[in-house]
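**Q** Each chain, letter by letter, is given below.
2 protein chains.
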Amino acid sequence: MKISLQWTVGFTQEAKSLPENFIPAVVPGAVQPDWASAKGWPAIEYQANYPVRYEDRNVPIAVDYEWMEDVYWLYRTKLDFISTIAGQRLYFVCGGVDYRFQVHLNGQIIYDQEGMFTPFEIDLTDRAQPGDILEVLVFPVPKMYHNPIDEKQSNQSCKPAFSYGWDFHPRLIPLGIWQETYLETRPALHFRSVEVFYELSQKLDQANLCLEIITSQIGLGRLKWKILDRAGQVILEKENTPEQFQQCFSGSIESPDLWWPNGQGEPVLYTSIVELYDGAGTLLDNRMSRVGFRKIRLVPHAQSWNDPDNAGFPNSRNKPPITLEINGRVIFAKGSNWVGPDMFPGRITTDTYRLLLQAAYDANFNMLRCWGGAPVQKEGFFDLCDELGIMIWQEFPLACGFYEGTPAYLRVLDQESRSIIRRLRSHASVVLWCGGNELFNNWSCMTDQDLALRLLDRNCFELDPHRPYIMTSPLSGWAHGGYQFRLHNGNEVFQYFPKAHNTAYTEFGVPGIAGIKLLERIIPAEDLFPPRPGTYWQARHAFHAWNGSPDSWLELWCIEHYYGMPATLEQLVEWSQWLQSEGLKFVFEEARRQKPVCSMALNWCFNEPWPNAANNSLLSWPAEPKPSLKAVSDALRPVLASARIPQFSWVPGETFTADLYMLNDSPAAIAEGRVDATLRVANQDLLLLSWEIPGTPANTNLPGPTLRYSLPDLPAGRITLCLRVKDHPDWNSEYNYLILGK
Amino acid sequence: MKISLQWTVGFTQEAKSLPENFIPAVVPGAVQPDWASAKGWPAIEYQANYPVRYEDRNVPIAVDYEWMEDVYWLYRTKLDFISTIAGQRLYFVCGGVDYRFQVHLNGQIIYDQEGMFTPFEIDLTDRAQPGDILEVLVFPVPKMYHNPIDEKQSNQSCKPAFSYGWDFHPRLIPLGIWQETYLETRPALHFRSVEVFYELSQKLDQANLCLEIITSQIGLGRLKWKILDRAGQVILEKENTPEQFQQCFSGSIESPDLWWPNGQGEPVLYTSIVELYDGAGTLLDNRMSRVGFRKIRLVPHAQSWNDPDNAGFPNSRNKPPITLEINGRVIFAKGSNWVGPDMFPGRITTDTYRLLLQAAYDANFNMLRCWGGAPVQKEGFFDLCDELGIMIWQEFPLACGFYEGTPAYLRVLDQESRSIIRRLRSHASVVLWCGGNELFNNWSCMTDQDLALRLLDRNCFELDPHRPYIMTSPLSGWAHGGYQFRLHNGNEVFQYFPKAHNTAYTEFGVPGIAGIKLLERIIPAEDLFPPRPGTYWQARHAFHAWNGSPDSWLELWCIEHYYGMPATLEQLVEWSQWLQSEGLKFVFEEARRQKPVCSMALNWCFNEPWPNAANNSLLSWPAEPKPSLKAVSDALRPVLASARIPQFSWVPGETFTADLYMLNDSPAAIAEGRVDATLRVANQDLLLLSWEIPGTPANTNLPGPTLRYSLPDLPAGRITLCLRVKDHPDWNSEYNYLILGK
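Heads up: the sequence lines are chains A and B, in that order.
For the first sequence, this note's numbering assigns the number 20 to the initial residue and increments by one for each residue that follows.
For the second sequence, this note's numbering assigns the number 20 to the initial residue and increments by one for each residue that follows.
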């Protein structure tokens, strides 16, 4: 039986002093929103409520969160329970405290831990009485150094780096009890752990299961184990008497329905129910979990062993594999980079995830890369991904830094990574472990020899050997970037991606401005137009957000290059979103056109942890789609007609060209058909070409003709290439490009 | 006290039957030479004594070794010892049996193991009586399959692959007791293991030692530990009473003299002596070992973080590091690939190694790559490398194959790799672990995800975390090959290496014919000249040895291209060795010229396990230098004048060019000086250029001028470029190239 607890919280300057005041605490949550709420501060997400102190001193500080990083926070609760029945045990159960903490019972330290990802239980039986005081003392934010105030302060801890300040995340570092936390009474004999492992036979026609249980006592009780299929039918039933603390029971399922990613089949999940009875047949404990049967391999791409980049002598190696093979089928992985959906992970619920993940599913995603700068998400996230068939690339909490393998760091990384692996390994959706983000680039300077990354490989190998592990992204042959529609050297995505021939594009982005309604909520009216540095546009990352570039992510210079100066906010937003939509559509389709050498495309990024005025994300916080989401969704349809157009803006007299393709990522062949290509210029539709498409096998693209059209004298404005597929309007595509005045 | 054993051996078709005959066995050794010796067969290394059956049926089979692969071999000894004194223990101690075996005592199985690299001890106290029969039953050669008969039969075992047949190794797969094997009586209290670990302080000015001992009993005895410096002075002395089976004792040494590789300083070794006494002060056991203090790191090369190969977007990772930093100093690693020096590792003694390693030292080597196709060498090898300052890159026994991570294979790989790591980790000379040879190339098709390689990383990380581990060679940015003076496309080493810009050349070769005296011993007189397929030239790998190429390693087509048809054996040998010498000299110097992007050059290969008629090795079996050894030795001098000459053969009228360099790998700066470049043509020395060299820092090269000389009408023959360094004749260089008739 679970007993919820009521918490208060207060801060102190020293671990051993008591807070002067306690305020109500929301658990799970974080101390910052508790404090803001107690003080009546407005919601931090909107208007001028953001502590901009670190980033731009031109913007006044409305409220101050900075000091909260460096104090101790004491959570306190009175144990309000009825004395336990003889034979029952009483536990304090906590899913996670962020970050370093102690647990005190009546002022005595009874537990001590560093690390937010390791849950814990404390047996309070015979130790705590009703009315006793239980406290959780949370230490200040871990920092490698005090100055400069930057994200690399996190580099000797397992605290996610992005809350220390990032181009899309303000500096605001949560602390507090962030996972479910309660008292629980349990019978003396209960489960300490229940886990279902399986191996699929070579032909995938048999699942050999292993139920591993750990019980609190031995030699007592009776175990019942059932597996139910999707229809709720029991297809496996076992009974046994556990004889050791830790024991395995085996079972097998013939011809299991497999778990498939979105677009490839159904993400079939079975249900496992395990019950523990005492000698009299009374149910003591039970656990329910879900199992999706699938086999994952990371395999070299189709041409890897005869790579023209590595021909002749002297001869190097093939590129490290990044092609996913699921259930024996090579799959093009497509989707986005996922960041934390809220600055305070403690506030996140399954509902927070639901809207976002449904949007990812609807956008034809089959993969999300859970980026190492953000916390590992809560259970609800993985449950939903299991259900939706969204594959998860999960990183450990390392990003863009040099995480030196000191003994103290390796100790906490060992503990935290083991906890993360144990928690997630039963999820069908999780297909890949990764050490962290961009660790082998010159802003991080780690290498394959770093002990942190070897430790992570060791832990993955030991606890989860059949799930691939990569040290970081990118590795050789894959790429990150660019993050702009037009680079400062004048290259557009339309030129620099077709020249690349990477095996995976695991980050790339085109920024877009948020919708007007959101802008009005986060930027004071007087700042709204025109946008300029030193206003809330800057605090909201439209200026100086990234790499010292003066107007990222607004990219005003780029918008002006194509459209001229916007006269209104509406115009500015429309143009920015247009560029984001066409830019991302192009890159996703180009990556797919480069199949099978390329087998993955994940844009940066899907969502954001708070509302930015401009950002690479497809949705604004909390889950407001930008128009680019629809564009990406179109580009990721299983089957579509596609065009490679070599530049965005055209002038009359130029020859407009487009390389036509049929793209097919689906497990079904395409029948013969026809694609009509028309150009819509000045409100006229010109049929330029009809392409008779032959039948095309499953999961295979079909290159087509190159269309050429000498542009007549046209007024400046939109030019639209329409590809219409006979009898398949759902495969049609449109590309909105630009005619510039001569 | 050690008691040696007298062994006999015989074969049977089945594990459970007994041999019909027993013959005398040499232990350590192998069953094949025992059999050959009993039958009076001539030495397999010479003349027509080689079983060519698998490779070329045109050559008659003189003797037959093939059947020996597939039978069981039973070693037998009578335990000839005096009954043990009360309190003494009796052990059967064995350093290794090749490959799968059981130990029987009076017909009972008392031990069972797969794997030649794991030593074992069996406590026979109270179990064996004088006169008892002890047997070692060796199973047939492990084979993944029976056909085809090739080297990949070894790919589910830890048996070194090269003995299954390689371009320089005949098919002959040793079996038997290959390491020291004896009875030993010990006091009840004795050491089970003694090992000295250390960490150097950041500034390398303090060594913090940890003596880890495991004793057979606890709570008894007294331990004395001494560390002696090079002069034999005791610089650390500790006494203690072990209180646990496994215990660590610490100590520290201030300002230790460091161990340096050849050419960089002295390979200083300290001596550790550990003694165990009983309560009465009687010495029970003692162990002596040596410690060399040095810090190894594998670091990115100087330009790695700003690599022009990875500029702009989309952006990938830096190249994986292969630059060795020893004691904080980046070192250019130079040397060779080491293969087994004998087909039968059991016959190898420290004397086998001594000549070869002295030759490597004299050739200015600071590194040998112990290639994974050959067995891990015996202790004497590593002891000598410790003393000579030769760094060792040690591979696990995987080469050129797909070693699938089946449970059975992973089990034996786990055991064997742990044994190898434990045995070698105390050696100062061992600087790098490597999973195996060319596993990420299309003749192997393994990837970073293969469980075998992840297991090896795990074991290295756990047992030896501060020594770098790489999965295979080459990795991205490094290269293997070419193996020919002139490729079939006409490219010479003089062209294809300057075009490469790899970070390490970890294999490259130019073949050369063996000396005439050796040829006369291995090829019957009637076959000697001209060399042709179907004779012993072929059996000795001069034809069809590699990649299906008809005359590798003889490369007759290449010799004829430059010199025409040889008229005599003497001419043939001279020309082949000339090409090998100039080819290798060029590649080594070119790799050094590419410093600091390039930081390693290791030619294929140093030695050979039996006498080949033609091979890429610098020495013929057992330790006969070819002229190329001197050429390589010259190219690897710490300091030398060097020339990049763009082609080997010239015709009158062409402009002869040479890019001049001073190469400095030494830790000392070069003072100002002068290099005179003269061309010796038609017995005349023409001074073409004097280059005034400025002072040059330690470990740094100096690019110089390009010499140009329009070649006059000259007779065909040798043309020699001589670089003479004023006051430093030891830095002079000579390059012998060729004038072709017009």
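In case anyone wonders, no lab produced these hints; they're calculated from the structure.
There's no promise every hint is true.
Just so you know, same-sequence chains aren't split out, so a pair can sit in one copy or run between any two.
Unchecked claim - The calculated lysine-lysine pairs, modelled on DSSO-like cross-linking and capped at a C-alpha distance of 30 Å, are: (1) Lys243 - Lys536; (2) Lys162 - Lys314; (3) Lys314 - Lys21; (4) Lys222 - Lys171; (5) Lys745 - Lys162; (6) Lys162 - Lys222; (7) Lys97 - Lys745; (8) Lys21 - Lys243; (9) Lys171 - Lys314; (10) Lys171 - Lys518; (11) Lys21 - Lys171; (12) Lys35 - Lys58; (13) Lys257 - Lys97; (14) Lys314 - Lys245; (15) Lys257 - Lys162; (16) Lys649 - Lys35; (17) Lys243 - Lys649; (18) Lys97 - Lys314; (19) Lys518 - Lys21; (20) Lys35 - Lys171; (21) Lys171 - Lys243.
**Q** Please go over all the hints and tell whether each is borne out by the structure.
**A** Each hint tested on the structure:
1. Lys243 - Lys536: neither (55 Å within a copy, 80 Å between copies)
2. Lys162 - Lys314: between (41 Å within a copy, 29 Å between copies)
3. Lys314 - Lys21: neither (37 Å within a copy, 54 Å between copies)
4. Lys222 - Lys171: Cα proximity of Lys222 and Lys171: across copies only (25 Å, versus 47 Å in one copy).
5. Lys745 - Lys162: Close neither inside one copy (61 Å) nor across copies (58 Å); limit 30 Å.
6. Lys162 - Lys222: between (51 Å within a copy, 25 Å between copies)
7. Lys97 - Lys745: neither (70 Å within a copy, 89 Å between copies)
8. Lys21 - Lys243: within (23 Å within a copy, 59 Å between copies)
9. Lys171 - Lys314: between (37 Å within a copy, 27 Å between copies)
10. Lys171 - Lys518: neither (34 Å within a copy, 40 Å between copies)
11. Lys21 - Lys171: neither (40 Å within a copy, 59 Å between copies)
12. Lys35 - Lys58: Within one copy only: 25 Å inside, 86 Å across.
13. Lys257 - Lys97: Classified as neither: same-chain Cα gap 43 Å, cross-chain 55 Å, threshold 30 Å.
14. Lys314 - Lys245: within (22 Å within a copy, 56 Å between copies)
15. Lys257 - Lys162: Cα proximity of Lys257 and Lys162: none, with 51 Å in one copy and 41 Å across.
16. Lys649 - Lys35: neither (54 Å within a copy, 73 Å between copies)
17. Lys243 - Lys649: Result: close neither inside a copy nor across copies, 48 Å intra and 76 Å inter.
18. Lys97 - Lys314: Cα proximity of Lys97 and Lys314: none, with 48 Å in one copy and 54 Å across.
19. Lys518 - Lys21: For Lys518 and Lys21, the Cα distance exceeds 30 Å both inside one copy (59 Å) and across copies (70 Å).
20. Lys35 - Lys171: within (29 Å within a copy, 66 Å between copies)
21. Lys171 - Lys243: neither (50 Å within a copy, 47 Å between copies)
Hints 1, 3, 5, 7, 10, 11, 13, 15, 16, 17, 18, 19 and 21 from the list above are not met by this structure, while the remaining hints are.
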